[in-house]
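The letter at position 47 of the sequence shown is residue 47 when you use my numbering, and the numbering goes up by one with no holes.
Hints are computed from structural coordinates only; laboratory data are not their basis. There could be a bad hint or two in this list.
[To be verified] DSS-like, lysine-lysine: derived pairs with alpha carbons at most 27 Å apart:
1) LYS306 x LYS290
2) LYS99 x LYS290
3) LYS290 x LYS230
4) LYS231 x LYS245
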Amino acid sequence: MRKTHILSLQFRREINFIPALLDVLAMNRKARIKFSTLSWKKRILFWLIIIAIPVVSLELGLRIYFAYQLGSSMLFYGTSLNRQKCGDAHKGDMNFLHKYFKYHPHQERFTRDQETGRLIRATINSSGFRGRDFEKQKGPHIIRVVTLGSSSTFGFSVRDEETYPYYLEQLLNRESSRVDSFEVINFGIPHLKSAEILALFEAEALPLHPDVVTFYEGINDSWSSPVLLKKEKSGKSVVRERLRKISLLRRGFRWLRNHSIAMTLADGFLKRKRNVTFTETDFQEHIRSKSENFLRNVSAICDECKRNGITFIVSSQQAKSYLIDREDIKGITYEKEIELVRQDLAQNEHITRWELDLLTHNIFMNDLREWAKVNNVPYVDLIAATDQHRDCLVSWVHLNPEGNRIVAEALAGAILARVAQK
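Work out the full structure: start from the sequences and follow the hints.
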């Protein structure tokens with residue numbers, strides 16, 4: 001008790017100087033003289049407090065704001081209560097597993113309606129996927145369909161009942177003449193590339209014994225490359241890059257980013273995409289081996305499906321480059337926009353990042369169509385199905401509810417035709 005009392009008195013003596021130091025900020029001359037007589041430890045403590053007050057206030061303000069916008073769990077950002085496993089602005093809320101990632105069970109997630117700006121709650125089930133819960137053991141008289149993909153399959157910008165997997169299940173059960181029921185499970189996870197989709201399929205989909213597996217993806221594989229990394233790093237601060245090489249500073253910043261909303265936002269701002277351009281040489285270097293890697297992963301999924309008696313259906317994916325405004329894009333086909341981008345590259349000798357992605361995506365889609373033909377794999381041309389409705393694209397690749405209905409209708413026709421043959 002006596003030791004505790006002594007420590008308490010010492011602490012009081014240490015903080016008794018704070019009111020006097022506050023007078024310093026008010027430019028009180030006597031207070032400044034008194035401040036100059038304080039020990040260096042007390043001066044450092046004072047300035048740390050002065051710096052901490054606005055920083056803590058900003059962090060609390062951001063937590064309250066995002067709690068109001070996204071749910072109360074944001075008050076506990078950076079703790080286990082918020083289930084943050086990484087600080088990255090795009091993947092920070094994911095459950096990272098071996099070679100792939102998905103959501104945590106029943107995690108609170110939101111997407112934003114790109115047309116109205118309103119937030120939409122996305123239901124995450126007990127398996128970490130979007131949609132209602134499902135039984136791991138497939139029931140009798142159930143035809144199980146797993147839809148592989150990324151954010152377009154997940155359903156960015158639309159409600160649970162407006163995703164194409166949701167529409168697909170409704171259509172299959174309405175149009176099928178069989179007594180069996182169709183069950184469609186949405187395996188779309190934002191940001192996945194084909195290699196991660198393959199790993200997810202092997203670890204999560206195969207144990208569910210699906211009867212049909214669909215694949216709708218491509219744009220994500222067009223992203224990274226050495227030339228892209230070099231271009232985006234070319235304008236970065238030399239000082240910042242040198243600081244990143246110091247391990248202690250790098251780990252410290254990562255910890256702050258993982259536990260502070262303010263630092264996460266600052267990191268996202270610093271990592272924002274720069275307006276870089278690309279030449280024909282850049283494009284050729286960028287696409288090197290990309291399509292081969294993409295098809296290798298799709299082929300691996302196909303091989304596993306064949307070994308397990310699963311019908312595998314691939315499809316092309318609609319996308320755009322922002323070269324044409326959404327108000328003017330209706331009636332301009334995917335191939336027409338590809339032609340316009342190539343003209344842009346020929347005339348101006350450079351293109352934007354979005355245009356680079358679309359040209360790369362076009363190579364994937366052409367090669368995927370030929371691969372499906374050569375390997376006798378069911379193929380659904382969703383680019384053709386949506387070509388006269390490209391105003392359904394609310395981003396470079398995400399569709400509104402009308403576009404998702406078109407996708408579901410095209411896939412439903414292919415699935416029903418294949419199931420009828422069995």
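Checked hints:
With a CA separation close to 25 Å, the supplied pair LYS306 and LYS290 stays within the 27 Å bound. Between LYS99 and LYS290 the alpha-carbon distance is near 19 Å, which keeps this suggested pair within the 27 Å criterion. Proximity of LYS290 to LYS230 is assessed by CA-CA distance (about 17 Å); at most 27 Å being required, the pair is judged to hold. Proximity of LYS231 to LYS245 is assessed by CA-CA distance (about 20 Å); at most 27 Å being required, the pair is judged to hold.
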